[in-house]
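For the protein sequence lines, the chains are A, B and C, in the order given. Yeah, the first sequence ends on 256 if you go by the working numbering, and it's all consecutive. Yeah, the second sequence ends on 281 if you go by the working numbering, and it's all consecutive. Yeah, the third sequence ends on 640 if you go by the working numbering, and it's all consecutive.
Some clues are possibly wrong.
Derived lysine to any residue pairs resembling SDA-like cross-links, with alpha carbons at most 20 Å apart [stated by the list, open to error]:
1) A:Lys-94 with C:His-591
2) A:Lys-10 with B:Ala-263
3) A:Lys-249 with B:Tyr-141
4) C:Lys-340 with C:Lys-22
5) C:Lys-340 with C:Gly-256
6) B:Lys-71 with B:Ala-212
7) C:Lys-33 with C:His-591
8) A:Lys-247 with B:Tyr-141
9) A:Lys-245 with B:Trp-230
10) A:Lys-10 with B:Ser-143
11) A:Lys-247 with B:Lys-32
12) A:Lys-10 with B:Ala-144
13) C:Lys-540 with C:Thr-521
14) A:Lys-249 with B:Trp-230
15) A:Lys-10 with B:Tyr-141
16) A:Lys-249 with B:Gly-58
17) A:Lys-151 with C:His-591
18) A:Lys-201 with B:Met-66
19) B:Lys-140 with A:Lys-245
Just so you know, these hints were derived from the structure itself, not from any lab.
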Amino acid sequence: MSHLNNITIKIWRQSGPADSGRFESHLIDEISDEASFLELLDILNETLIESGLEAIAFDHDCREGICGTCSLMIDGRAHGPERGTATCQLHMRKFSSGDTIVVEPWRAKAFPIIKDLMVDRAPLDRIIESGGFITAETGGAPDANLIPIPKPVADASMDAAECIGCGACVAACPNGAANLFTGAKMSHLNLLPQGQAERFKRAEAMVETMDEYFGSCTNHGECEAACPKSISIDVIAMMNADYLKSKFKNRKSLSR
Amino acid sequence: MHPSSFGQMAQTISNERGRGPVSGTAVGKNGKRKPFLIDFYSTAVGKKYVMAITGIVGIGFVVGHMIGNLKAYLGVINHQGGRAYDVDVYGEYLRELLVPILPHGYFLWIMRLGLITAVLLHIHAAYSLTILNRKARPVKYQSARDYQIANFASRTMRYTGIIVVLFLFWHLADLTWGWFNPGFEQGAVYRNLDASLSRVPVALIYIVANIALGIHLFHGVWSLFQSMGWNNPRFNQWRRGLATGIATLIVVGNVSFPIMTLAGVIDYDATAVTQLEELSE
Amino acid sequence: MSINLDAKIPDGPMADKWNNYKAHEKLVNPSNKRKFKIIVVGTGLAGASAAATLAELGYGVDAFTFHDSPRRAHSIAAQGGINAAKNYKGDGDSVYRLFYDTVKGGDFRSREANVHRLAEVSVNIIDQMVAQGVPFAREYGGMLDNRSFGGAQVSRTFYARGQTGQQLLIGAYQQLARQIGLGNVNLYNRMELVDIVNIDGRCAGIVTRDLLTGEVSSHSAHAVVLATGGYGNAFYLSTNAMACNATAVWRAHRKGAAFANPCYTQIHPTCIPQADDFQSKLTLMSESLRNDGRVWVPKSADETRAAADIPEGERDYYLERIYPSFGNLAPRDVSSRAAKRAVDAGQGVGPLKNGVYLDFAEAIGRLGEDVIRERYGNLFEMYERITGENPYQVPMRIYPASHYTMGGLWVDYELMTTVPGLYCAGEANYSDHGANRLGASALMQGLADGYFVLPYTISNFLSGLLNKPIPDTGHEEFKKAETAASDRFKRFLSIGGTRSPDYFHRELGKIIWDNCGMERTQQGLEQALSEIPALYEEFKTDLRVTGDGESTNQTLEKAGRVEDFFELGMLMCRDALTREESCGGHFRAEHQEGDGEAKRDDENFAHVAAWEWSGDPMAPIRHQEELEYEVIQFQTRSYK
Ligand SMILES: Cc1cc2nc3c(=O)[nH]c(=O)nc-3n(C[C@H](O)[C@H](O)[C@H](O)COP(=O)(O)OP(=O)(O)OC[C@H]3O[C@@H](n4cnc5c(N)ncnc54)[C@H](O)[C@@H]3O)c2cc1C
Ligand code: HEM
Ligand code: FES
């Protein structure tokens, strides 16, 4: 275990949605390289409180990279410099003494800033509510082994289902698009036999809800690089294909 | 701050009244739909399909056009009893396509109309997506971004696109309508080409524009597979190579014309061919 | 409110009780269901599944979570898996065996009837989750795969990579989202329950604080369900998420709900050891790792060599040695204490000598690195991210940490607390795990409660309230509670002391961990019971909360939660002090066999301790629900 010295944190402060916000700099004399990045913020907050100042608001919860609550833009990268890693699992050993670390909230119209580094990601929930589910009301399910699912299919579905809903894809996307999130959520269900009945209804509803809030995809690939679960942009292609088909299939079944 | 102004921004934006429960967010979403194409085009994903399809049309045209132009290197051939530049004959052949089903020149116009529609759609989609994307992040990041994958090509699509469209106008005005072409002769492709490209500034315009086109396609060809939903783990690895290949082909082919003209390889010689007047005699 | 501990266990033989109950409970006619309003607090596995199912049935549901989205509840973090008596492996599993394992694993301190019901519905859970699209691990033939887990001799654990909790919660959340989208559930997010209100002897609703605006408001309903998770964060350092807290159950307790067995807390044997003082939480490495990893420490306390350089003969594979039949899969409490003994004896490993090795070298040699990567790849990556060490090359270092709380609000067979109309589900209740929970059984219990138990039992209560209006939130009881809640938060802001809520939480956690953690003694507990109130006094005068009460203020939120941990901490220690035996997660050093094994006292302690709030956190009133074992005979829990 060793220490880093003289870390400057340039961090965004904004008292509320109406405030225009500004960067604030703080010097951290010494920090262990075993500390996580959020623990660095904890320590900073503790000193702020002790000197009578308001603590920096930031979202976080599990600190295990699974709940998707943490959400920081660190040095121009969503979730910071380590690939496939959420902010809460980023450790100080990825930085060096003397570094200036710039921390901003995620920015998108769909993610208004609530306070400091905290944003509102509710539109991601709206996408799920519109169709990101399999209608399977409690009680009537057949035996779980009735429909075998080939392992590669289950695995591919799981690859997509790993999405933690943090919104890093939107934050990292130069266009503020949520295609990776929506694609992942859709592919998870559309790949499974259980998801087939509603497949195209789901595709249409989710894409069109996404459209109400987010930008469009230029296939930059930034989302995949920022994703803490490294979800592949293949899911975006799958979503696009299903959306096109949905336009034919849904109309056809409607006319029945 | 006033709670209701907060509510509109904050967590659950269910109604104008501010913070309240979220409910019924998916109700009434499947209302009446517009006619198929308009409906499809109304979403960003639909627009990207249109961009990709019109892009493919564009690629088809650009590649075809370039291959046709390569005929400039074939020089003079025997044609209808006289001698003519191969490209000129090719130009005439294009006008004759599908004759007698269609009158002379009609098919070329249909192709041109198709191309114009494709270009207009491509531009419209590009424009509206650009606006959409701007709106999707009204407040920019206040610190420098550190992009990982997004490259120069992907991030400059709209600029390389604009360069290409401007060039397209110049190109038509120069070689189709002859506005800027000294001594322009309708149908004398080889002559007009030489007359235009032997001017160094014009040659530079061609070179820059085609490099821009190459950059556009370097991302575009890769990207269209995603947009079209053509994703197959077995073939995905070829997408990058294909894009690089097509972009290089176009750039090398098209840039060769101004360079070869300046180098004197393409050099119009009125005496080498049978002039129109001579033929008609 | 008087405390009535009648568990209302249905008649009939054990295996028929649940069916008998369902056959005779009172129902609510479908067209009447929409006349009822039910509040569900918490959107973890228990809350989301309950809210979705109740809404599907036609009840009006208001769901509350302090998270920004229901999908962030701490259930998301569960890694290892979920049990079900499917017997897909044909290895001798059955409802009875799962029932038996759970009662035995719980060290004979759980209610047989509840546990049997849990084992019965476990099979429906898997069916339900697969139908909803949970991508459980499959075998090549397409059938569901299983792994084995501590405390069981059959393979009955279903899993989705190392993210089972995530996948199950996403499944339940999607069902909830569907009901929100359809308008059948009103979701209040970033809203924290800060009080419970009773009118006319039954629960009438809740008081909440909006975490974005600080606004305090009331919500009323015919019934209230608390599914607010466990209180493991009382220890400060635990594997729980940062925001997990006891406020909801504690506020309910103060309003008359008995708190059962608060001292039953589970320490998980496989967590990454603490690296430093400022550490904010501990990370669990799934217990499934023990399927292939071997636990050992150097035989000598003076060992300084790197793990790989220590010859086999100088290693102590202590679990395999002491518990030959279960070996590395010995139950959690047993393996945790064994690790503590090794570390206390100075055999600990790592820079702070505060861990034991979990070694995969043998498994990698036997199965190859690819198989290990396939099974645990993401866990290994997580370990490397946190520690900077590569577990394919050097053994992991692990140490026990607070992980789960078996104690919780006392509930009867219907999951109703001692307050009529107030239900409690999931980790928040005391019900099925007795003194110790088996791995992969919490997810099962949360989903059982929410999907398959509450929707039945709640109608039995509601049917009696038909055509009774939803209580009025203008009622003076609501107004009183609102004022009290507002005053409480204003008080935190006005103390103007010098220390942050986190400081107090850390200090409190240390006291509880040292004295009411893996090993408890009378002396330690008494000491804790004098230290906690002293620290609490300091909290009341020296707390500093900066910022204001009208916008997001995480420091203020934390202050309220820490205050509740203070009072709960006192109850935990008191419960531990009065339970003069060792059982499951509760190990009293005074009560052990010669070989250090727990010594249970079935004569005097085969009961649930249900505590009543007296108004003074230091003087709670103890009640007992005697536990009767009809089917399974008491026996010493031995895993040797
Ligand atoms: C790291 C880890 C790994 C685990 N692995 C396993 C495993 O492999 N298998 C297994 O079976 N179990 C496992 N468990 C245990 C299991 O995950 C939990 O016991 C279970 O998920 C709890 O579910 P719940 O629905 O009761 O509560 P939670 O999921 O904790 O949900 C609590 C909900 O209540 C809300 N809430 C709480 N208080 C309030 C309030 N005052 N106001 C408003 N809302 C409130 C929260 O917002 C949240 O929505 C694990 C636990 C941990 C910590
Ligand atoms: C006429 C002027 C042009 C403009 C303004 C323009 C603009 C753009 C823009 C902005 C994009 C990216 C859209 C996005 O993903 O958000 C794009 C994509 C593309 N363009 Fe163009 N472009 C033009 C001409 C052309 C031409 C002539 C071709 C073909 C030779 C072409 C082929 C493509 C292709 C293949 C794509 C990728 C489509 C996809 O991602 O699916 N473009 N164009
Ligand atoms: S805090 Fe849960 S993912 Fe980072």
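List of violated hint numbers, smallest to largest: Numbers 1, 2, 3, 4, 5, 6, 7, 8, 13, 16, 17, 18 and 19, in rising order.
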